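Counting along the sequence shown from 1, when you hit position 313 you're at 356 in the working numbering, and nothing is skipped either side.
Hints should not be assumed to be uniformly reliable.
Cross-link-like lysine to aspartate or glutamate pairs, in silico, DMTMM-like; alpha carbons within 20 Å at most [unchecked claim]:
#	residue 1	residue 2
1	K382	D467
2	K202	D151
3	K207	D286
4	K150	E160
5	K81	E155
6	K81	D151
7	K202	D73
8	K202	D124
9	K207	D124
10	K202	E160
11	K81	E160
12	K202	D286
13	K202	D78
14	K382	D324
15	K207	D151
16	K150	D73
17	K207	E155
18	K150	D247
19	K386	D324
20	K386	D124
21	K81	D153
22	K214	E189
23	K386	D467
24	K382	D247
25	K202	E155
26	K150	E189
27	K214	D286
Simulated restraints, written as ranges between beta carbons of each label pair [as the list claims (entries may be wrong)]:
#	residue 1	residue 2	range
28	I76	Q385	44 to 50 Å
29	G332	Y234	25 to 31 Å
30	P509	T221	29 to 35 Å
31	L217	G332	21 to 27 Å
32	D205	D383	44 to 50 Å
33	L259	P509	51 to 57 Å
34	R347	T258	51 to 57 Å
Rather than coming from a laboratory, the hints here were simulated on the basis of the structure.
Bear in mind the structure is a predicted one, so any value in this text is a computation, not a measurement.
Beta carbons are placed, not taken as given, at the ideal position from N, Cα and C, and that holds for glycine.
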Amino acid sequence: MSSLVQSVDWLAIAPPTVAAVVGLAVLVTDLFIGDARKAVLGWMSVAGLAASALLLLPLRNGDRAAFCLTGATDTCSYVADRFTLVIQLLVLGGALLVALLSVTALKDADRELPEGEYWFLLLSSAAGAALLPASRDLATLIVALEVASLPAFALVGIKRGDRKSSEAALKFFLSSVTATAVSLMGVSFVYATTGTLHLTRIADRIQHVDGQFHTLAQTGVVLTLVGFAFKTAAVPFHFWVPDTYVGAPLPIAAYLSVVGKAVGFSGLILVTVVAFPSYADVWGPALAGLAALTMTVGNVGALRQRSTRAYSAVRLLAWSSVGQAGYLLVPIAAAAYSKDAQKAIGSTVAYALMYAAVNLGAFAVAALVGRRSPLNRVSDYRGLYAESPLSALVLGFFLLCLAGLPPGIIGLFAKVTVFSAAVDAGLGWLAVVMAVNVVIALFYYLQWTALLFRAPEGEPGTHRAPVPLTAAIALTAVLGIVLSGAPQLILRFSQTVLF
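Turn these sequences into a full structure, and let the hints guide you.
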């Protein structure tokens, strides 16, 4: 009888493992240091996330796997392939930038936020988010999804004595738990009809399900997608987004907008394209409808934001992220109809990488303005150019990238790539809906951009940016500018994503 004991490829699992270990180290260290030295925890976390990201470099030359079935080395629970590495780069890079924003936010909070718990929860969530794209069975996928989500609930409600924060966390928690319960029911249906949880084996066996179980299998496919659709903030699972972003600390809102979405979209891609390709006639139309509905509701919601309303800048970014989620869903839906599903998925990955860089940059500038104007209204950005020319130029560049206008060339190329994926798949109606929504989004992005360069209403103030916040803004700006100068880098890179 073959041995059930197998060696573990520690290098393959190193990125999420290091993040988790550093999180535990931070929690233990917090017990032994005084309040005056709590800042050390933040820099430990930044170093841990940087180390996790750097550990992706030795993995770039080949596929590696761990926790495989005995006698079936091609059926594994953890696979570090190109797709995994790209999403892990997005997740860990995004978490690193959020950590830089958090160093400043925690210092400004003046001990109103518990630093040890904050960093432990952030690193734990990042570890779960990095684990998810490598997961190749439904059990590991669900566990990774919850490891990424549960600490995020606590982070949203971590502000002491803040009713708005507690309410946001409760909404986020209840709606997410409901979505997860539905997904678990779907997973149980899939397991009942196929007898396996490994994605590649599900793809093979679900094609040969007995006729009497066909409806059960279809129901399982649809229900399994719900939890991941919730994480992407797809309509109608989006209602938690505006209140959660406003109630959470601003760096956590940025984290949910980028890393949270990466978790949802990578899960959706794995479940649909890898596990359920033979049920494309079920999930394809569903995702196409979700994409159209999500981008429309998101952009209309952003369009309705009043510039003088408290936290309107954060709310606008929240609704904008819902609209952007709609664009990200388009290529996944197109994969159901396309002869080259890999190319369609590459379009989603390219758009996700662009969105992550510029959206985190926009949140970084919002954090800078929020230090001077705690209510963070869109009207507070009027005349920002007179106060901080570089901040205004950088934010204007980020907004133009999100709108898909020059000089934000990378945003334009990413939108064209998504648009062409829809057209190539024969989804002309979805391409038209996307074009209409891009025009709608132009209005509020350009309106905000123009406000930056208008004359200020009073005397121009000053924006003193701490070093960590400056570093986050500079990194995202450099990344956006480099990719706009050479967009083929990200487009070629994303098209090499293979499972």
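- Message: Hint by hint, where does the structure go against what was stated? Just the numbers, ascending.
- Response: Hints 8, 9, 18, 26, 30, 34 contradicted; others consistent.
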